[in-house]
Amino acid sequence: MSASIEIQIIAVLVAVACALPGVFLVLRQLAMMSDAISHAILPGIVIAFLLTEDLSSPLLILGAAAAGVATVALVELLRKTGLLKEDAAIGIVFPALFSVGVILIARFAGDVHLDVDAVLLGELAFAPFDRVVLGSIDVPKATLVMASILMLNVVFIGLFFKELKLATFDSALAATLGFTPVLLHYVLMGLVSTTAVGAFDAVGSILVVALMVAPPAAAYMLTQRLASMLWMSAALGAISAVGGYWMARWLDASIAGSMASTAGLVFLLVLAFAPERGLVSRVRQQNRQRQVFARDMLLIHLYHHEGLPEAEQECRVEHLQDHLRWERDFAMMAVRTAKRAGFVEDQEGLMKLSDSGREQARHALVHI
Amino acid sequence: MDILTELFTDYTLRTVALGAALLGISAGALGCFALLRRQSLLGDAISHAALPGIALAFLLTGSKSSLVLILGAGAVGWFGSVLIAALTRRTPITYDTALGILLSVFFGVGLVMLTFIQRMPDANQAGLDSFLFGQAAALMQRDIYVILAIGSVILLLTVAFWKEFKLISFDPDMAETLGLPVRALEHLLTGLFVAAIVIGLQTVGVVLMSALIVAPAAAARQWTNRLGVMVLLAAVFGAVSGVSGAVSSSMAPNLPTGPVIVVVVSMIVGASLLFAPNRGFVFRKIREWKSGRALRVDAVLVDLYTLASQHASADYPHSEQVLNVMSSMSGTAKRTLHLLKTLELAQPIDDQRWSLTPAGEERARRVIEEHYGGGA
Chain S
1 MSASIEIQII
11 AVLVAVACAL
21 PGVFLVLRQL
31 AMMSDAISHA
41 ILPGIVIAFL
51 LTEDLSSPLL
61 ILGAAAAGVA
71 TVALVELLRK
81 TGLLKEDAAI
91 GIVFPALFSV
101 GVILIARFAG
111 DVHLDVDAVL
121 LGELAFAPFD
131 RVVLGSIDVP
141 KATLVMASIL
151 MLNVVFIGLF
161 FKELKLATFD
171 SALAATLGFT
181 PVLLHYVLMG
191 LVSTTAVGAF
201 DAVGSILVVA
211 LMVAPPAAAY
221 MLTQRLASML
231 WMSAALGAIS
241 AVGGYWMARW
251 LDASIAGSMA
261 STAGLVFLLV
271 LAFAPERGLV
281 SRVRQQNRQR
291 QVFARDMLLI
301 HLYHHEGLPE
311 AEQECRVEHL
321 QDHLRWERDF
331 AMMAVRTAKR
341 AGFVEDQEGL
351 MKLSDSGREQ
361 ARHALVHI
Chain E
1 MDILTELFTD
11 YTLRTVALGA
21 ALLGISAGAL
31 GCFALLRRQS
41 LLGDAISHAA
51 LPGIALAFLL
61 TGSKSSLVLI
71 LGAGAVGWFG
81 SVLIAALTRR
91 TPITYDTALG
101 ILLSVFFGVG
111 LVMLTFIQRM
121 PDANQAGLDS
131 FLFGQAAALM
141 QRDIYVILAI
151 GSVILLLTVA
161 FWKEFKLISF
171 DPDMAETLGL
181 PVRALEHLLT
191 GLFVAAIVIG
201 LQTVGVVLMS
211 ALIVAPAAAA
221 RQWTNRLGVM
231 VLLAAVFGAV
241 SGVSGAVSSS
251 MAPNLPTGPV
261 IVVVVSMIVG
271 ASLLFAPNRG
281 FVFRKIREWK
291 SGRALRVDAV
301 LVDLYTLASQ
311 HASADYPHSE
321 QVLNVMSSMS
331 GTAKRTLHLL
341 KTLELAQPID
351 DQRWSLTPAG
361 EERARRVIEE
371 HYGGGA
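Chains S and E, in that order, give the protein sequences.
Okay, so the first sequence: first residue is 1 according to our numbering, each after it adds one.
Okay, so the second sequence: first residue is 1 according to our numbering, each after it adds one.
Simulated from the structure, these hints should not be mistaken for laboratory data.
Since the model is a prediction, treat every value here as computed from it, not as a measurement.
Careful, some of the hints might be misleading.
Some chain E residues flagged as far from chain S (calculated, every beta-carbon gap over 10 Å) [stated by the list, open to error]:
{"#": "1", "residue": "D10"}
{"#": "2", "residue": "R89"}
{"#": "3", "residue": "F161"}
{"#": "4", "residue": "S266"}
{"#": "5", "residue": "I286"}
{"#": "6", "residue": "G292"}
{"#": "7", "residue": "V302"}
{"#": "8", "residue": "D350"}
{"#": "9", "residue": "E362"}
Straight-line alpha carbon distances no greater than 30 Å define the calculated DSSO-like cross-link-like pairs of lysine-lysine that follow [to be verified]:
{"#": "10", "chain 1": "S", "residue 1": "K339", "chain 2": "S", "residue 2": "K352"}
{"#": "11", "chain 1": "E", "residue 1": "K285", "chain 2": "E", "residue 2": "K334"}
{"#": "12", "chain 1": "E", "residue 1": "K166", "chain 2": "S", "residue 2": "K85"}
{"#": "13", "chain 1": "E", "residue 1": "K341", "chain 2": "E", "residue 2": "K290"}
{"#": "14", "chain 1": "S", "residue 1": "K165", "chain 2": "S", "residue 2": "K85"}
{"#": "15", "chain 1": "S", "residue 1": "K85", "chain 2": "E", "residue 2": "K290"}
{"#": "16", "chain 1": "S", "residue 1": "K85", "chain 2": "E", "residue 2": "K163"}
{"#": "17", "chain 1": "E", "residue 1": "K285", "chain 2": "S", "residue 2": "K85"}
{"#": "18", "chain 1": "S", "residue 1": "K80", "chain 2": "E", "residue 2": "K166"}
{"#": "19", "chain 1": "S", "residue 1": "K80", "chain 2": "S", "residue 2": "K162"}
{"#": "20", "chain 1": "S", "residue 1": "K80", "chain 2": "E", "residue 2": "K334"}
{"#": "21", "chain 1": "S", "residue 1": "K80", "chain 2": "E", "residue 2": "K290"}
{"#": "22", "chain 1": "E", "residue 1": "K341", "chain 2": "E", "residue 2": "K285"}
Facing chain S, from chain E, some residues (calculated, C-beta under 8 Å) [claimed, not checked]:
{"#": "23", "residue": "R38"}
{"#": "24", "residue": "L41"}
{"#": "25", "residue": "T97"}
{"#": "26", "residue": "G100"}
{"#": "27", "residue": "I101"}
{"#": "28", "residue": "Q222"}
{"#": "29", "residue": "M251"}
{"#": "30", "residue": "N254"}
Where a beta carbon is used, it is the ideal one built from N, C-alpha and C, also for glycine.
Modelling step: build the complete structure from the supplied sequences, incorporating the hints.
And the structure:
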């Protein structure tokens with residue numbers, strides 16, 4: 001298999017593995033926790049490395065997961081004292097832990113391949129060179145690690161789907177029903193940490209944040225169902241991964257950075273063009289509502305004066321502006337919309353209701 | 001003391017320390033408003049989002065002068081903060097998600113630009129990397145002038161708009177009813193906030209600059225309930241950690257500045273959380289213990305009095321076991337009884353039995369008066 005395809009497979013695995021727990025972070029308004037955890041696992045990795053002196057030891061992942069859970073616990077501890085708000089607690093805990101990690105590297109591990117840039121930025125391009133042989137197949141180590149983490153995430157979310165759903169949307173109910181939302185919270189955070197450590201080896205900690213937050217946020221614009229949000233996030237994450245890879249090839253730039261940029265671009269597109277909640281469709285809905293409202297006001301006005309002596313005067317376009325004090329644009333829009341629907345006929349500046357227009361005016365009178 | 005002498009004689013060290021102190025002051029002061037407005041993580045997002053600004057400024061001008069890079073970072077950082085506000089106001093996206101997206105995506109774009117610059121022919125990009133973690137040792141005299149100039153403007157404007165900023169931080173609705181241009185003031189405050197962040201990027205780095213915003217303010221908050229005192233304290237904390245971080249890292253070559261500053265400021269936060277009077281953890285525990293003890297003393301006194309009131313005289317003795325049973329909710333009565341003896345409110349008659357002293361009887365009556373409104 002060519003290196004290019006292998007890199008793309010790893011990228012997709014990373015993106016999907018990040019997107020799944022990311023959905024719950026976004027829904028629980030804990031998106032910044034991904035930032036905190038992906039930074040704070042550094043000292044866990046460094047300490048585990050200093051103990052084992054082996055960069056490929058599985059203890060490193062364990063150390064990272066422990067550090068991630070410790071971050072969550074520390075934030076919770078600080079918050080519970082009542083002395084700090086949650087955001088301030090996050091903003092203090094993770095830089096502190098990350099700094100300890102950086103200093104440890106600078107002091108004790110400066111000469112090995114564990115430098116800060118790699119942690120922060122990752123380098124996916126080198127992933128295919130680090131290989132393992134499993135029986136008869138020979139795959140990059142990152143593929144194996146990320147596939148396992150993805151499996152772990154899928155199995156966990158599959159097994160505890162309804163518990164997660166309940167704890168996410170109504171944790172008080174979950175607690176009264178005897179589930180343990182707090183335990184579930186910590187397991188989820190452990191999962192986020194594990195995913196972050198596996199992913200940041202390949203793509204760096206900042207990209208972990210991009211892949212955990214942007215695709216789920218985009219999916220959130222597209223659907224209101226948890227199950228569809230999960231698979232949409234996974235799909236959008238995979239698209240960002242592959243798109244990012246090709247963008248990086250094209251620009252000859254960092255793959256991780258390109259994937260984050262593409263994830264942002266995908267989010268932006270979805271934000272603009274999502275069918276119901278997107279910006280464009282919201283503007284169109286609002287316009288439509290304004291038109292219908294203007295049209296119905298016009299119809300009611302005409303209906304009011306229909307067949308009366310003053311109709312000659314009241315039912316003119318100029319009158320709408322002069323006496324009803326409608327804005328010119330609003331008046332024109334009302335007339336245009338009503339004519340287009342065939343509710344009003346224009347007879348040399350004098351407006352007359354059609355049969356269907358009269359019907360609609362009666363309907364509007366009742367329903368407005 | 002060597003460090004102190006060097007601080008005043010060594011040119012590089014003095015420059016670095018002065019710069020770090022200045023940005024610690026402005027970051028600490030502006031951080032207070034962010035903390036009170038629950039925007040502690042906005043600093044994190046903005047400092048990351050400024051990275052493409054630095055790269056863009058370099059790409060456009062080819063200059064690495066800190067003023068150009070700071071302007072680029074400031075412009076993009078401010079744009080980022082506007083985007084966050086627009087996203088949260090106009091779409092269903094929540095604040096934390098907006099922060100996360102902006103932080104990571106802008107940082108990713110910055111990374112693409114940096115690697116792009118790296119691979120450009122004959123572009124000397126050395127030094128741009130130091131924006132990730134900060135390189136205090138690379139600070140030059142003219143960088144200090146830039147920091148000094150921008151920092152003074154930040155502080156002057158903060159003082160000039162002091163009461164407006166105070167009002168929109170604590171009660172934006174009231175500011176609105178008073179006819180203040182709240183939106184414009186918020187933009188100004190955010191602008192100053194962005195400025196305080198970007199002048200620190202070169203020294204502390206984009207990754208950790210947010211800590212220099214949040215931590216001094218969080219520490220200062222523990223010592224006072226007055227905004228003025230809080231801002232001053234935060235400025236001092238910021239300056240102290242800035243100087244100690246910058247000095248120690250410029251003396252040890254492989255110690256990045258940002259992380260050292262963050263560790264120092266985190267220790268200040270820890271100490272404040274523990275030892276600040278009133279709010280601090282230790283003092284609160286002591287206070288709880290004291291008031292708990294006072295409650296127990298009163299409870300046992302009242303128990304003794306209640307028992308005695310069923311007999312002819314108030315000093316009628318009663319056994320410790322009975323009192324134990326009566327105060328079963330708050331542990332044994334033994335320790336409290338000994339406390340009562342020290343306070344001369346009760347006295348042991350023999351091994352087992354205790355009675356009230358006249359002073360104890362008086363106090364018990366007063367407690368009952370206060371808490372039960374008379375008759376026990």
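Structure-based check of each hint:
Interface exclusion of D10/E from chain S stands, the closest Cβ pair being 22 Å apart, more than 10 Å. Against the 10 Å criterion, R89/E stays outside the reach of chain S, whose nearest CB is about 12 Å from its own CB. Every C-beta of chain S lies more than 10 Å from that of F161/E, the closest at about 23 Å, which supports listing it as non-interface. Taking the minimum C-beta to C-beta distance to chain S, about 4 Å, the non-interface status of S266/E is violated against the 10 Å cut.
The non-interface label for I286/E is consistent with chain S: the shortest C-beta to C-beta separation is roughly 15 Å, beyond 10 Å. The non-interface label for G292/E is consistent with chain S: the shortest C-beta to C-beta separation is roughly 18 Å, beyond 10 Å. For V302/E, the shortest C-beta to C-beta distance to chain S comes to about 31 Å, beyond the 10 Å cut-off, and the non-interface label holds. Non-interface call for D350/E relative to chain S: holds, since the shortest CB-CB distance, roughly 47 Å, exceeds 10 Å.
For E362/E, the non-interface assignment is confirmed: its Cβ lies about 38 Å from the closest Cβ of chain S, beyond the 10 Å cut-off. Of the supplied pair hints, the one linking K339/S and K352/S holds, its CA atoms being roughly 10 Å apart against a limit of 30 Å. Restraint check: the Cα-Cα separation between K285/E and K334/E comes to about 22 Å, which is no more than 30 Å; the hinted pair holds. A threshold of 30 Å between alpha carbons decides the hint, and for K166/E with K85/S the separation of about 19 Å falls inside it, so the pair holds.
At most 30 Å may separate the alpha-carbon atoms for a hinted pair to count; K341/E and K290/E meet this at roughly 17 Å. Using a Cα cut-off of 30 Å, the hinted pair K165/S and K85/S holds, with the two alpha carbons roughly 26 Å apart. At roughly 27 Å between alpha-carbon atoms, K85/S and K290/E fall within 30 Å of each other, so this suggested pair holds. Annotation: proposed proximity of K85/S to K163/E holds, straight-line Cα distance about 24 Å (limit 30 Å).
For the suggested pair K285/E and K85/S, the alpha carbons sit about 20 Å apart, so the restraint of at most 30 Å is met. Taking the CA atoms of K80/S and K166/E, the gap is near 27 Å; set against the 30 Å cutoff, the hint holds. Note on K80/S and K162/S: the hinted pairing holds, with a Cα-Cα distance of about 28 Å set against a maximum of 30 Å. At most 30 Å may separate the alpha-carbon atoms for a hinted pair to count; K80/S and K334/E exceed this at roughly 33 Å.
The suggested pairing of K80/S with K290/E holds, with an alpha-carbon distance near 22 Å, which does not exceed 30 Å. Taken as a hint, the K341/E and K285/E pair is honoured in the structure, with Cα atoms around 25 Å apart against an allowance of 30 Å. This hint holds: R38/E has a C-beta 6 Å from the nearest C-beta of chain S, less than the 8 Å allowed. Given the 8 Å rule on beta carbons, the hint for L41/E holds: about 5 Å separates it from the nearest Cβ of chain S.
For T97/E, the interface hint holds, the least distance from its beta-carbon to any beta-carbon of chain S being 4 Å, beneath 8 Å. The beta carbon of G100/E is positioned within 8 Å of a beta carbon in chain S (closest approach about 4 Å), and the interface hint is therefore held. Nearest Cβ of chain S to the Cβ of I101/E: about 5 Å, under the 8 Å cut. The hint holds. Interface restraint check for Q222/E: the shortest CB-CB distance to chain S comes to about 6 Å, inside 8 Å, so the restraint holds.
Annotation: M251/E was flagged as interfacial toward chain S, and the flag is violated, the nearest CB pair being 13 Å apart, outside 8 Å. The beta carbon of N254/E comes within 5 Å of a beta carbon in chain S, closer than 8 Å, and the hint placing it at the interface holds.
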